[in-house]
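Enquirer: Protein chains in written order, with my numbering: chain A, 1 to 147; chain B, 1001 to 1388.
No lab work stands behind these hints, which were simulated from the structure alone. The reader is advised that the hints may include incorrect statements.
[Claimed, not checked] Heads up, incomplete: computed chain A residues facing chain B, CB under 8 Å, no partners named:
{"#": "1", "residue": "F4"}
{"#": "2", "residue": "S6"}
{"#": "3", "residue": "P49"}
{"#": "4", "residue": "C54"}
{"#": "5", "residue": "P84"}
{"#": "6", "residue": "L106"}
All values derive from a computational prediction rather than experimental measurement. Even for Gly, the Cβ is constructed at its ideal location relative to N, Cα and C.
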Amino acid sequence: MAGFPSLRSKKLVLEYNIPISKTLKFWEGLKEGKVFATRCKMCGRLYFPPVADCGECYSSDIEWVELRGEGRVISFTHVDVRPPSFRGAPPYTVAIAELDDGVKALAWLVGAEKKDVRIGMRVRLVPRISDDGFPLYVLTPHAADNS
Amino acid sequence: MRRVAVIGVGHSKFGDRRDVNLKELAFESVKQALNDAGVTNRDIPYVSVGTVGVWYEEPFPAAAIAEYCGLSGAGLVRVEAACASGSAAVYNAYSAIASGLADTALVIGVEKMRQVDSLTVVELLGRAGSYLWEFENFGLTFPAYYALYATAYMEKYGATEEDLALVAVKNHKYGAVNPLAHLQKEISLEDALSSYVVAWPLKLYDCSPITDGSAAVVLASEEKVRELRIETPVWIAGLGYSSERSTLSYRDGFIGIDASVKASRMAYKMAGITPDAIDVASVHDCFTIAELMAYEDLGFCKRGEGIKMIREGQTEIGGKIPVNVDGGLKSKGHPIGATGVSMIVEQTKQLREEAQPSIRQAPLKNYVALTHNVGGTGHYCYVTVLRR
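Just chain A, same shape as in the assembly (with noise of 0.2 Å):
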């Protein structure tokens, strides 16, 4: 802040807990090697991240379903530019696929080239442990369509 006289204020550190109870199936799932979304049984929308209640009819009866997690990428980044938080992470893509379970879903693409992601390629949604340990979701080139 060089330029400007200013006074530094008391210092915040902020980490929140996020509850998980109720879509707690999902992340057990990853763990298991599964994606789970949801279903309103009441109306049958899909939901993909998963949700406890229904916010189309107002249903909270819902059902777990696994996803078979096939689709292709309907647009992409390449996160050049990166948050502190992810500062020891190297470049990313992150893409957005439709699955042809009828949901789409937004998670880094791996094990691609840059140069080879593109509008329309195969890919398919996995689990996976992070690095840290926690479980989370990635696209990766689906190779039996991409050939």
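Based on these hints, arrange chain B on the given structure of chain A.
Expert: The following block gives chain B in isolation, referenced to the frame of chain A:
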């Protein structure tokens, strides 16, 4: 509903304003706006403050600002709709007057984004999508959200990185001569194309800068306009608003902002106009792709023809509809809570034929102007039609 007019406007210098604190920055615009309207702080019964905060030290900014500006005692609220907070504050104050609850109201838009370092701003804006599903695991940044729209748009319509750069070149051309703009410099197509990649396909010059700034407007009822003998009231002829799902993967597509379509149609209907009637506009160009999509979402052209408009110079002064001739968010800067109010200030000045310097003045035929303010990637949208 009662008619509502803009009767006073104020606007700070946008830029790196670490020479002032939040309250002092707001005061600069408030003083000008009250003077311009010919009223004093004691004449203001209701104050709406558009600001997002977190990058400055005050958790309750509206109360702090009102106190500093001698407005304590008035009805007071802080309004937040992400980067559309300023327009949402205008809507809030408009409603107070249109409903008959107040005769006069002051709207303040203010943001101080440079009291933390720029990477912290990258972090805070990145978190401002659908946090758990987009940031926690995948580290999306604000440019990255819009880059996902850019990639899809380019694929669908054959737009190029050069088309995006043309938006930056145009807006910098006008920002260079706007004394209130943050980045008062022209850039070449080559400058834009050779700048470093932030989130491909968006490069540095596709992005609006991190800016401090404030803007303020005084609104009044028709009765009050007569009582104060306001010479050139600018009427709020139409207002529209809408929103879109927070999580990108729940959305239908990525080639336009649905909330902009809905908000603009609502505003056109209320004003009784079609887009052809608009003489000059401020649209939300937080990123170059956003301006191209806005041309289409607002009905300035058909789907896919935004690139034709920018290539042919149709949105420059002398073209079909001059857009962002104050430099836009791109060059004037984007202090996010101030932006929507800044747009109203600019278009009020355009309609009063007071744009400075005069080379920025758009020719007026119908004396109708538009502002289009998006929060997030269409999470919120407000469109306002002004008429002299």
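Enquirer: For every hint, state whether the structure bears it out.
Expert: Hints versus structure:
For A/F4, the interface hint holds, since its Cβ comes within 8 Å of a Cβ in chain B; the closest pair sits about 4 Å apart. Hint status for A/S6: holds, given a least beta-carbon distance of 7 Å to chain B, under 8 Å. Interface restraint check: A/P49 against chain B, minimum CB-CB distance 5 Å, threshold 8 Å, status holds. At a threshold of 8 Å, the smallest CB-CB gap from A/C54 to chain B is about 13 Å, leaving the interface hint violated.
Using the Cβ-Cβ criterion of 8 Å, the hint placing A/P84 at the interface with chain B is satisfied: the shortest such distance is roughly 5 Å. Interface hint status for A/L106: upheld, as the beta-carbon distance to the closest one in chain B is roughly 4 Å, under 8 Å.
Of the numbered hints listed earlier, the single one contradicted by the structure is hint 4.
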